[in-house]
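Respectively, the protein sequence lines represent chains H and W. Numbered according to the numbering used here, the first sequence spans residues 1 to 413. Numbered according to the numbering used here, the second sequence spans residues 1001 to 1226.
Treat the hints as calculated values from the structure; they're not laboratory data. Among these hints, one or two may not hold up.
Claimed, not checked - EDC-like, lysine to aspartate or glutamate: derived pairs with alpha carbons at most 20 angstroms apart: (1) K195/H <-> E1077/W; (2) K316/H <-> E405/H; (3) K316/H <-> D328/H; (4) K1126/W <-> D182/H; (5) K327/H <-> E405/H; (6) K1113/W <-> D1081/W.
To be verified - Simulated DEER-style distance windows between Cβ atoms: (7) Q1055/W <-> R2/H: 35 to 45 angstroms; (8) G1061/W <-> F84/H: 21 to 31 angstroms; (9) R231/H <-> P1056/W: 35 to 45 angstroms; (10) N344/H <-> G1061/W: 23 to 33 angstroms; (11) F15/H <-> N1053/W: 33 to 43 angstroms.
Virtual Cβ for every residue (Gly too), placed ideally from N, Cα, C.
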Amino acid sequence: MRIALTILGIALCLFLIQGSARFGFSRLLSRYALATNSIPAADEALRLTPSDPEAHRSKATILNRLQASADAAHSLETATTLRFRDDYLWIELANTREELGDTDGALAALDQAVRWAPHYAHTHWQRGNLLLRMRRPQEAFSELRQAATANPSYIPSLVDLAWGISGGNIKTTEAALEVKDDVTRLALIRFLARKGRGREVVDQIRSLSSPLPADKQNEIAGLLFAGKAYREAFDLWRASNNIPSAQLLMNGGFEDPIAFNDNAFGWIIAADQKNRVAIDVSEKLRGARSLQITFDGPWAPGTSPLNQTIVVDYGKTYHLSFAVRTKDLVTGGPPILVVNDANNNQLLGQSENFPTVTTPWQTLNLNFTTLTTSEAVIIRLQRSNCDSSPCPIFGTLWLDEFHIEQTEPTTKR
Amino acid sequence: MNQKRRNGSRVIAVLLLFAIAQIGLQVGFAEPNTTTNPTALPQQFVARLTTRNNQPITVNGLSATTGASILTGATIETGADQSATVNLGPLGQLDIAPNTKLVLTYDEQGNVKAVIVYGCAILTAKKKTTGEVATEQGTAGKTDPAAGGVLDICFPQGATAPTVGQGAAASAGAGAGGGAPAGAAAAGGGGLFGLGTPATIAIFSGIGAAALTPLAFQDNPSGAIP
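Please model the entire structure based on the sequences and the hints provided.
What follows is the structure, encoded as structure tokens:
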């Protein structure tokens, strides 16, 4: 009796070992088949474990790669019968069926995917995308919104699709999104800001249920700035930083800290020029500080170590003045200040050459007229062209007391 | 008595009917506004994305995988080990090689255009479709709508002009070869059934591990609750 039980136990163990080995070897073959696109290996895996859905899935993947979508669909159909609760299998089947042009079959597969994973975003997202391609946009966006509700990381993609399908129409976009909360509206605001749609951004901000915090205002202002919607960016930035409405030029006396952010108003120092620029408390025309720039040789023409974007009115004339002092400034291409249109970079005006050698503080002036399309201008510190190359520059200059005013017509902003 | 009872029943029936009608009317008045969307969303042809090994690529700056919709004007970007195909249905298809950035536009009048910012792509235009590949400098090639055709374009970063029709995009990983497996070299010769030595070692390790595999086998990978 004991011997019989032992033999039975050993037989059972051998059976289990054989089964496990079969299963493991089949999986190994499937992996090998996937790694080498080998149909024979995939078939061998299937021969070992015909009821393993993973083996069918592997074969389908290879068939899809080999563009044999019909056979791939068949394999996936078998896999889904073996493991019908696997939403990913249903999604793969849907994708393969759609590849074959069987959109109804694809939709049926995605219905199953949604059925078995109803609370997950990816099933709704896939189904929504398919419905969109089936020219059923109302149902599509209903499904896509469900996906975004289940997983908010889908919201930016949802906004992008809504904007694209509406052809850039904000009303249609809003209808597709059915914005009901500030999270979605903020995503829409960010999207519009990146597109430089300033007016729409302002409207959407007004529609928020609670006021936008200062950090978010700054963020949106930065996006608007990058999207070249300067006026709205400036208004938002000014509101969040409590800047008086009449002030056009920021920190003209360099009394406040200087930002190193590219997408902001105020003075911007080029990243590669930071070690040449410093706030000087000993040399200044007025106030407590000035800006000191030290040159020790190279300065590529056309590059600018210092600039500021200023929002202006179109078709108006402005007067810009600033103070400059130099010490041992030696160069064949002296510094100048230029004013360019912020949108098309057209030169609107430039100062005379900065004095060289050593000079006390003196005020330089320039006038410029904005274009009929102008929204903002960029004032840049540049240098005049050199007659020779290379064209080094040595010495130190200080800048202070920048002022700008509209002169023609003299109406205040 | 019988007549009285019958009349009484009639009165009750009429009153009951009236009461039900009242309730129906009031419920009708109290019904909330229907939530149907007054703005109709436009129906249009939308292309479909397939990525190699379902790896995510970037569409309009956002992550996208197989099954994503590609609208006209989309900026598509692939990374070093990523390639993709945009199925344009009746218009054809666009195969995108790794390390490529392009802008795809199309319409229902049979026009498809891929503007390559950098990288390589193959545009296959079907008959009655005008396929065009271009760079930001201008058109690089066009297909004849009468015959359809294939445009293979490569415009690597830093290049002065694109290479068209020389099979460079196919070599760069665009097209049918996009699904070519990585690490296939590992399966050279030797070992059990020619699987290679590492694979053979893995088999014997796997046999032991496989015994436990069914325990970890899960029927629904997404589970019941996210």
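Hints versus structure:
1. K195/H <-> E1077/W: 18 angstroms, holds
2. K316/H <-> E405/H: 10 angstroms, holds
3. K316/H <-> D328/H: 38 angstroms, violated
4. K1126/W <-> D182/H: 45 angstroms, violated
5. K327/H <-> E405/H: Violated, at roughly 29 angstroms.
6. K1113/W <-> D1081/W: 24 angstroms, violated
7. Q1055/W <-> R2/H: 35 to 45 angstroms: The hint (35 to 45 angstroms, Cβ to Cβ) is violated, given that Q1055/W and R2/H are roughly 58 angstroms apart.
8. G1061/W <-> F84/H: 21 to 31 angstroms: 37 angstroms, violated
9. R231/H <-> P1056/W: 35 to 45 angstroms: 37 angstroms, holds
10. N344/H <-> G1061/W: 23 to 33 angstroms: Holds - the Cβ-Cβ distance for N344/H and G1061/W, about 24 angstroms, lies within 23 to 33 angstroms.
11. F15/H <-> N1053/W: 33 to 43 angstroms: Between F15/H and N1053/W, where Cβ atoms are some 37 angstroms apart, the hint holds.
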